[in-house]
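Protein chains in written order, with this note's numbering: chain E, 1251 to 1640; chain Y, 1251 to 1640.
Calculated directly from the structure, the hints in this document are not laboratory data.
The reader is advised that the hints may include incorrect statements.
Which copy? The list can't say, so a pair holds if one copy fits it or any two copies do.
[Claimed, not checked] Taking lysine to aspartate or glutamate and the EDC-like style, the derived pairs with C-alpha atoms no more than 20 Å apart in a straight line are:
(1) K1272 / E1343
(2) K1547 / E1558
(3) K1445 / E1277
(4) K1505 / E1257
(5) K1272 / E1501
(6) K1505 / E1277
(7) K1499 / E1637
There are 2 protein chains.
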Amino acid sequence: MNHIVSERIRQTPPSFIRGILKVAESEDVISFAGGLPNPISFPQEALKKSMNRIITEYGSRVFQYASTAGLLSLREYIAEKYRGQYNLDVCAEDIIITTGSQQALDLIGKVLIDKGDSVLLEEPGYLGAIQAFSQYQPNFCGVALQEDGPDIAQFEEILQNRKVKFAYVVPNFQNPTGITYSEEKRKAVLALVRKYHCILVEDDPYGELSFDGKVRGYISKGELNESILLGSFSKIVTPGMRLGFMIIKNERLRKYINTAKEAADLHSNIFAQYCLYDYVLHNNLQEHIQNIRYLYKEQCESMIKAMEMYFPKNITFTRPQGGMFIWAILPEGQSAKALFEQAILKKVAFVPGDPFYTDGRVANTMRLNYTNASKEIMVEGIRRIGELCK
Amino acid sequence: MNHIVSERIRQTPPSFIRGILKVAESEDVISFAGGLPNPISFPQEALKKSMNRIITEYGSRVFQYASTAGLLSLREYIAEKYRGQYNLDVCAEDIIITTGSQQALDLIGKVLIDKGDSVLLEEPGYLGAIQAFSQYQPNFCGVALQEDGPDIAQFEEILQNRKVKFAYVVPNFQNPTGITYSEEKRKAVLALVRKYHCILVEDDPYGELSFDGKVRGYISKGELNESILLGSFSKIVTPGMRLGFMIIKNERLRKYINTAKEAADLHSNIFAQYCLYDYVLHNNLQEHIQNIRYLYKEQCESMIKAMEMYFPKNITFTRPQGGMFIWAILPEGQSAKALFEQAILKKVAFVPGDPFYTDGRVANTMRLNYTNASKEIMVEGIRRIGELCK
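Here chain E stands alone, though its shape is the one from the complex (with noise of 0.2 Å):
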């Protein structure tokens, strides 16, 4: 078979993450290797009103084939959100809904990359993002991750040095790191995509997962003609329905994003984007946004304190202020991935941070998890996630 397939799938790596997951899956397994938002956060009777509503309101419709683009009055809905939220010059028309933001990592890289185009993105990076650019054979560049944010002489050096197709990054609560980026680094990445005409890819799914309710402004904020923002509903709403949308002002490649969408699956689930917009309209979504928020915190709360207590001191890790994981760095040297296979023995589960570099190296990092184990199954899976790094 392998002489059949494509060039391009044999150098997609399947996601290492859904391989963990099948092994982390048993019952007896204290799992932080999952990235699932807690259940209770879905607002299920709330969607089953809107999903009666809907059907008596609209009929047929929300059964029926529909435009690429996305239904017309959840689009204006996110407009007018990015509006007042980000006061970003931002109208339906910008918008095209995706089956959820994995879907607008692929439509990315299916429009802007041809083998051997330069890829910035951050070190370590998000996995889907990985895989779906791996599709297209780029070059990928990698930019170290600090504290606050990207490594800016790094990331000039880059863009300065190669013809780089665009720049991918998750300023917020990022996913592995749960790094968030300062202001500086903000405006520091900014100039830079500016000075070197570089497409910024910003993506979203967790900025308003903040634990002090801040909202967190987007680096391309007045520059949107030559970014591309992604946003999604997985994380605040359902990501079982895969709702996600892309904001791209520039009419042209918005059209082409539009034909690879429409080769794509012609247009995402309409039913569900007629219920996610009823839902919208009859309930105050802020609100409950703001107790999603209240409970990662205080799961990462409780995960920080056990990891203080029970990790030894040559293990650091990040302190995040939103979102759902935080990045663990063993002694140098060490390989999470050997950690990993004992801990499964142990019955406790994380991601070793290999998967999330592109350039193949043994990695003494790990993401961990909070949103999806409750306080008691958290503090005993870290103690003996501890124990064996003794």
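Given the coordinates of chain E, assemble chain Y onto it according to the supplied hints.
Then chain Y, alone, in the frame of chain E:
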């Protein structure tokens, strides 16, 4: 922007049909251009019941992230149906749920086509497949469709002279022509793909919409290991929920497709999958399909009667035994696109044949959809087109 986007997307045609649909969309236009199922065929009330039931029964699981291959119980249902209805050796693990059949086409292109690879397809062929495959820059090899299926001599000539990656066929009530392969042609195609070791992709969105209720077997029967079958719920339950599936017996190929699917959208809407599974569990889908067959048979007969009455004799057309489309052929040398321009002024629309060919010809053919208009409206629309052809 052209110098920034990928070669791949510059060579992908935006859907001609979606362009036409925008023109045909206005309320005063009689449109035979779309490919929409009749909305009265959507089992709205039953789906509503299913939605309420699955939320009660499965709770947060219907809103959470899910596995890439799709809901196991739905895949088991499909496998059982294929074992029973088509006598095929299929089990749940051979099946991947896709975001509509369109996604399956994209995944096939992504996983199988390297730039310049030869792909055999029907001429005229399904537009969505041409668009999806185009993104991966194949060399299209068209095989002319005759009344009873593909020109077998031409089919063999291509397999003999080219290294064909796969052959893509729609053997039942093809889109755009409505043509169905005869038993002889099916056997001949099977013998050819066997002889030349060519992967066969059989797309079957319309197979169950046969006016005679007869089930037509798959070409690849017993040969599944070297083939891919595509199915869809769009024409028998609802297209808006975007649910299709691929049946792939070859494990290695299936794994590659699964990796591509993961990178494309992680998984298809899981709520929709639960909903559909509950629907087939609690309702008689066969009875429902039988009702759609009656409806479409009547509509097809009405359109043919109108064409016999109002079209001049030098226009020929197919007489489908199922599906959603009639294919009409104008006298040689005439342009269906030119006719379309005149027709739209008379407030009636169809799809000129041009985009269904990969050789860029000026087509004297056109596709007419009969599933989505009332009899009276249909007669009036055909009358107007007939007037223009006199």
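Quick rundown of the hints versus the structure:
1. K1272 / E1343: Cα proximity of K1272 and E1343: across copies only (15 Å, versus 40 Å in one copy).
2. K1547 / E1558: Answer is within; shortest intra-copy Cα gap is 16 Å, inter-copy 71 Å.
3. K1445 / E1277: Cα proximity of K1445 and E1277: none, with 52 Å in one copy and 49 Å across.
4. K1505 / E1257: For K1505 and E1257, only the inter-copy Cα distance (15 Å) is at most 20 Å; the intra-copy one is 27 Å.
5. K1272 / E1501: For K1272 and E1501, only the inter-copy Cα distance (18 Å) is at most 20 Å; the intra-copy one is 42 Å.
6. K1505 / E1277: neither (46 Å within a copy, 26 Å between copies)
7. K1499 / E1637: neither (52 Å within a copy, 45 Å between copies)
Against the hints set out earlier in the document, violations occur for numbers 3, 6 and 7.
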